[in-house]
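J.: For reference, the chains in residue letters:
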Amino acid sequence: MSSNNLPEPSYLEYKGRFKGLFAWIFSTDHKRIGLLYLYSIMTFFIVGAILGLLMKFELIAPGKTIMDAKTYNGIFTLHGITMIFLIVIPGLPAVFGNFFLPILIGAKDVAFPRLNLLSWWIYIFGAVVALSSQFLGDGPPDTGWTFYAPYSFKTTTNMLPAVMGAFILGFSSILTGLNFIVTIHRMRAPGMTWLKMPLFPWTLYGTAWIQLLATPIVGITLLMIVAERTLQIGFFDPALGGDPVLYQHLFWIYSHPAVYIMILPAMGVISEILPTFARKPIFGYKAIVVSTILIAFIGYFVWGHHMFTAGMSGTAQFAFSFLTFLVAIPSAIKVFNWISTLYKGSIQLRTPFYWAASFIFVFMIGGLTGLVLGSVATNVHVHDTAFVVAHFHFIVFGGVGFAFLAALHYWFPKIYGRTFDEGMANTGWVIFFIGFLFLYFPMFILGLKGMPRRYFDYVQDFHGLNIVSSMGAVLMIFGFFLLFINLVRSARFGKPASKNPWGGPTLEWQIASPPTVENFDKIPKITKGPYDFTNVKPD
Amino acid sequence: MFSSNLSNLSEGVDKAFIIILSISFFFLIGLTAVLIYFIFRYRESKNPVASQIHGNNTLEIIWTVIPLVLVLAMFYFGWIGWKPMESTPPDDAIHIKTTARMWRWLFRYEDGRQSDTLVIPAGKPIALDMNALDVIHSIYIPAFRMKKDIVPGTPRTAWFIANSPGTYDLFCTEYCGLEHSTMITTVIVLTQDEYDNWYVDNTSVSADVAEETSSSASIGKQIVQQLGCNACHSADGTKIVGPSYLGLYSRKELVVIDGEEQEITVDDDYLRRSIIEPNIEIVEGYNKGLMLSYKDQVTDEEINLIIEYIKSVR
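Protein chains in written order, with my numbering: chain G, 1 to 539; chain Z, 1 to 314.
Hints are computed from structural coordinates only; laboratory data are not their basis. There could be a bad hint or two in this list.
Incomplete in silico selection of chain G near chain Z, CB under 8 angstroms [claimed, not checked]:
| id | residue |
| --- | --- |
| 1 | Lys15 |
| 2 | Asn73 |
| 3 | Lys154 |
| 4 | Tyr455 |
Even for Gly, the Cβ is constructed at its ideal location relative to N, Cα and C.
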């Protein structure tokens with residue numbers, strides 16, 4: 001704040017070249033772009049969640065309940081495309097990475113602010129193209145979000161826009177990754193060596209490399225589909241001389257690392273939140289950094305575990321299973337370190353902490369059930385069953401979703417400069433958490449009993465657990481509704497927040513809430529590690 | 001869930017399950033207990049001042065090495081349990097030609113007998129020589145821990161031994177379009193004696209049906225059901241993927257031939273052409289490419305019976 005002048009306006013109030021909505025959608029401020037992503041992602045999430053709920057209503061009883069098979073197949077496809085490509089992949093990096101990466105490393109913005117805005121526009125454009133598949137042409141695509149060949153060539157539904165949408169969204173992801181890599185390399189505050197960098201930027205760094213290196217592969221693959229469908233070039237369709245299994249390889253070479261694009265930043269968020277509420281440094285900072293890099297690296301070489309029943313050679317099965325088990329180790333190391341962070345802490349039981357602690361629990365279930373899928377023999381039994389659906393919902397919804405909501409509550413006072421009603425937030429959390437477990441846990445058992453996924457109808461034997469699961473869905477949505485209303489209301493009417501309401505040690509808690517346009521009056525000089533609690537107190 | 005040992009594959013798979021799930025439950029419960037204990041023990045009111053601990057290298061090594069050993073064990077049992085699934089079937093195996101198409105299974109036995117349920121004897125190696133005609137399907141018999149994708153253009157064999165007589169579900173587990181969830185059938189495991197009786201008793205289904213009913217329309221109906229035609233063509237006027245049989249015969253229809261519309265009358269010839277070359281004359285409002293040719297799957301005689309059946313649906 002300049003001494004001889006009025007205080008600088010916050011980024012929320014700042015008036016630039018444009019007014020009203022334009023001041024947001026043409027803003028190159030990383031914080032405003034972060035919020036643009038937040039609002040777009042929340043909108044899509046509500047759509048995706050309603051679709052998921054409709055599927056659960058349909059599955060509450062065998063046979064036709066509220067929709068026909070065609071609608072159901074369209075809905076699970078759209079649910080998958082929306083949730084994966086529009087929400088979970090961009091999710092944490094685009095919202096909280098954009099908003100907090102520059103602040104956490106003591107920078108005024110990302111390296112390429114205009115490119116950053118372009119990423120958001122590409123994202124919106126890709127989303128519009130992907131969603132247009134619902135309304136144009138011969139009806140919504142019904143291939144599942146994986147677009148497996150040759151079904152995706154045979155179906156008469158409107159598949160190309162969905163594929164093109166995913167292709168365009170890839171560019172948004174690549175540009176964000178590129179921007180973050182350069183930002184982290186070039187724009188850290190003086191004195192912030194690599195090992196003095198907080199863990200959320202570290203995980204964003206690992207993620208950014210995956211975005212940059214893996215996304216082009218799915219881009220090429222999706223273009224190959226377009227070429228095959230329009231020009232009849234036989235890459236994947238056996239009728240044209242192609243190989244459907246090649247498609248699966250190319251698809252998972254990207255889509256498995258994409259899971260790490262989703263989960264790594266979630267791990268970063270948790271590594272930020274736990275020290276703040278335990279009031280002590282993260283346990284094993286270096287171990288967490290090393291495990292982040294290992295996950296990002298080994299994660300490239302495990303895609304084959306999606307294909308254990310597809311007919312790979314024994315050697316490939318061996319190698320992919322082995323590597324999949326290896327990638328479990330760095331994740332386990334993180335869990336051990338998170339729990340140890342609480343040891344001899346002075347734990348404040350606040351909303352973000354509840355989210356972070358429940359994250360650890362659901363992430364453990366997601367991770368441990370991943371071992372079942374890494375082992376070849378057991379994978380064969382549960383592959384393409386409800387077990388897999390439960391597993392990845394525990395990871396990408398339990399993991400990424402819980403971390404997202406943890407981050408949203410943790411950084412909410414900083415983003416809006418207002419506090420939220422913790423009583424209502426905690427109520428929302430409890431209901432959401434219980435609903436989540438009831439929704440997804442029965443699906444593990446259903447899968448073990450043999451219920452295939454993407455089933456509109458099922459045999460009587462699977463009925464009971466499906467009822468439990470559907471009830472859980474209603475409960476979870478209700479919990480989400482509570483916490484969502486609470487945050488929306490608090491963003492407008494909450495009490496003004498102080499600079500550092502939780503007592504966080506990292507740089508974002510040393511600047512105003514909400515931050516000024518430039519974040520820092522003076523770029524800070526970094527002399528100590530990121531989780532040093534000397535002289536740090538909640539104010 | 002893991003104790004019934006219903007096939008030669010289930011033992012190895014279930015052993016891997018038990019090992020992995022036991023270790024997982026141990027860690028899940030143990031770590032959750034520690035997590036909850038720490039939260040209670042070190043909450044602010046109990047422990048107002050946090051100790052500024054940064055880490056412990058010995059612990060890091062311990063909790064890297066122990067999980068590493070455990071995952072290697074899990075990997076090993078998973079690998080060993082899978083090995084029998086990929087081995088070649090023994091010489092005395094009963095070979096059954098298994099055809100998967102949208103959205104029906106068809107099993108053809110060594111003497112040409114066909115069935116839409118999989119009937120097998122207990123205790124004998126069964127080799128399924130599998131082929132998919134349109135898109136990828138995946139054969140899954142949960143009770144036997146058996147699953148294999150069937151990729152069009154790549155015939156594969158899966159083999160197993162069923163241990164106990166009984167009936168078991170057989171699912172398609174690779175999403176294959178509209179009626180994917182109806183691509184279900186039953187595995188009927190018989191004792192060797194029962195199986196021999198079943199197998200010798202009637203070598204041809206048509207003959208089998210002919211004994212019960214004499215009308216050729218009802219034999220045609222049996223063939224239609226067995227080939228799975230009714231997955232896409234209803235008999236009650238419901239529009240599924242293809243036209244319904246109801247009132248179809250001798251009706252005038254607009255068909256599209258090479259992009260040009262033309263009016264035809266549904267007669268014996270048209271029906272025969274539609275079974276052999278289904279994508280040349282497509283009825284207006286329906287999609288091309290969904291039905292595959294049944295050229296080598298039905299005899300001329302069977303086609304005549306099917307036509308008799310279609311005539312009878314009105």
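J.: Decide, hint by hint, whether the structure agrees.
T.: Results of checking the hints against the structure:
no.	hint	verdict
1	Lys15	violated, 42 angstroms
2	Asn73	holds, 7 angstroms
3	Lys154	holds, 6 angstroms
4	Tyr455	holds, 4 angstroms
Violation of the numbered hints given earlier is confined to hint 1; every other hint is satisfied by the structure.
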